[in-house]
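J.: Sequence:
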Amino acid sequence: MSTQKWRIPATEGLGFRLGKGQTVRITDVEGEQVADIVAYRADNPTEKFDPTVTMDALRKMKVTPGDILYSTRYTPLLTIVADTVGQHDFINSACRPEMYEFTYRKKDHACCYHNLNKAIAQFGIEPPEQHYPFNLFMHTVIQPDGSIRVKRPLSKAGDYVDLRAETDLLVAMSACPASESICNGYVCTPIDIQIL
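End of the sequence shown = 196 in the working numbering, gap-free, step of one.
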């Protein structure tokens with residue numbers, strides 16, 4: 001069976017199916033590039049990945065290999081099999097047009113919200129009010145005083161995360177288009193996807 005591979009161009013998105021037991025490798029091609037990922041149950045797309053449920057189930061914000069990503073209904077969706085970076089983000093929602101207007105005074109900016117909507121449309125899933133993804137390679141730090149700081153990603157060229165599906169999934173990903181922020185090292189670059 002041939003291996004499925006895609007390259008998500010900088011600032012764009014991708015949707016794909018991931019069967020139970022399959023593992024997807026998400027690779028930061030050039031380094032310091034955030035990849036937003038959302039996942040829906042293929043047999044019931046009203047049930048999807050939820051970062052807050054995942055943090056509740058794991059009792060932590062920093063995941064390591066062996067940890068599970070859970071759905072809105074506490075169903076295991078994905079297991080982290082391998083991770084060469086170890087620093088990702090659960091607390092930031094997908095960037096959207098209003099965020100670019102609010103933060104950078106820019107209109108009609110490419111965004112993860114639109115990329116993810118376009119990616120899930122092929123599966124007949126309607127756009128949600130907002131996406132709450134697993135932000136791979138994003139380096140967010142909560143300071144002792146409770147303030148939140150986004151830092152330069154720790155991922156280098158070729159770093160990757162492997163995720164194994166625990167049920168049949170519909171997956172959408174976005175190579176984050178925020179070149180204005182240190183969250184992508186101020187330069188947007190591609191993300192590679194490979195079903196192992």
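Hints listed in this document are in silico derivations from the structure and should not be mistaken for laboratory results.
Heads up, a few of these hints could be off.
Said to hold, decoys possible - Think about it this way: if two alpha-carbon atoms lie no more than 25 Å apart in a straight line, the pair counts; the simulated PhoX-like pairs of lysine-lysine are: (1) LYS156 x LYS62; (2) LYS62 x LYS118; (3) LYS20 x LYS118; (4) LYS106 x LYS151; (5) LYS106 x LYS118; (6) LYS156 x LYS5; (7) LYS5 x LYS20; (8) LYS60 x LYS151; (9) LYS118 x LYS107; (10) LYS5 x LYS118.
To be verified - Label pairs and their in silico Cβ distance ranges: (11) GLY66 x ASP108: 41 to 47 Å; (12) THR79 x SER179: 19 to 25 Å; (13) SER179 x ILE91: 20 to 26 Å.
Just so you know, even glycine gets a beta-carbon here, dropped at the ideal spot from N, CA and C.
J.: Taking only the CA atoms, is the gap from LYS62 to LYS118 under or equal to 25 Å?
T.: Cα-Cα ~29 Å, so violated.
J.: Given the hint that LYS5 pairs with LYS118, does the C-alpha gap stay at or below 25 Å?
T.: holds, 19 Å
J.: Given the hint that LYS156 pairs with LYS5, test it: the Cα-Cα distance must not exceed 25 Å.
T.: Given pair LYS156, LYS5 holds - Cα atoms ~20 Å apart, limit 25 Å.
J.: Hint check: LYS118 vs LYS107, CA-CA at most 25 Å. Holds or violated?
T.: holds, 19 Å
J.: Is LYS106 close enough to LYS118, meaning Cα to Cα at most 25 Å?
T.: holds, 21 Å
J.: With the threshold set at 25 Å, check whether the alpha-carbon distance from LYS5 to LYS20 stays at or below it.
T.: holds, 18 Å
J.: CB of THR79 to CB of SER179, is that within 19 to 25 Å?
T.: violated, 32 Å
J.: Keeping to a limit of 25 Å between CA atoms, is the pair of LYS106 and LYS151 held or broken?
T.: Holds. LYS106 to LYS151 sits at ~22 Å (cutoff 25 Å).
J.: Would the hint linking LYS60 and LYS151 be met if the CA-CA limit is 25 Å?
T.: Between LYS60 and LYS151 the Cα gap is close to 20 Å, so the pair holds against 25 Å.
J.: Hint says 20 to 26 Å; check whether the CB-CB distance for SER179 and ILE91 agrees.
T.: Holds - the Cβ-Cβ distance for SER179 and ILE91, about 21 Å, lies within 20 to 26 Å.
J.: With the threshold set at 25 Å, check whether the alpha-carbon distance from LYS156 to LYS62 stays at or below it.
T.: Given that 25 Å is the threshold and the Cα spacing comes to 19 Å, the pair holds.
J.: Okay, GLY66 versus ASP108 on CB: inside 41 to 47 Å?
T.: holds, 42 Å
Of the numbered hints stated above, those contradicted by the structure are hints 2 and 12, listed in ascending order.
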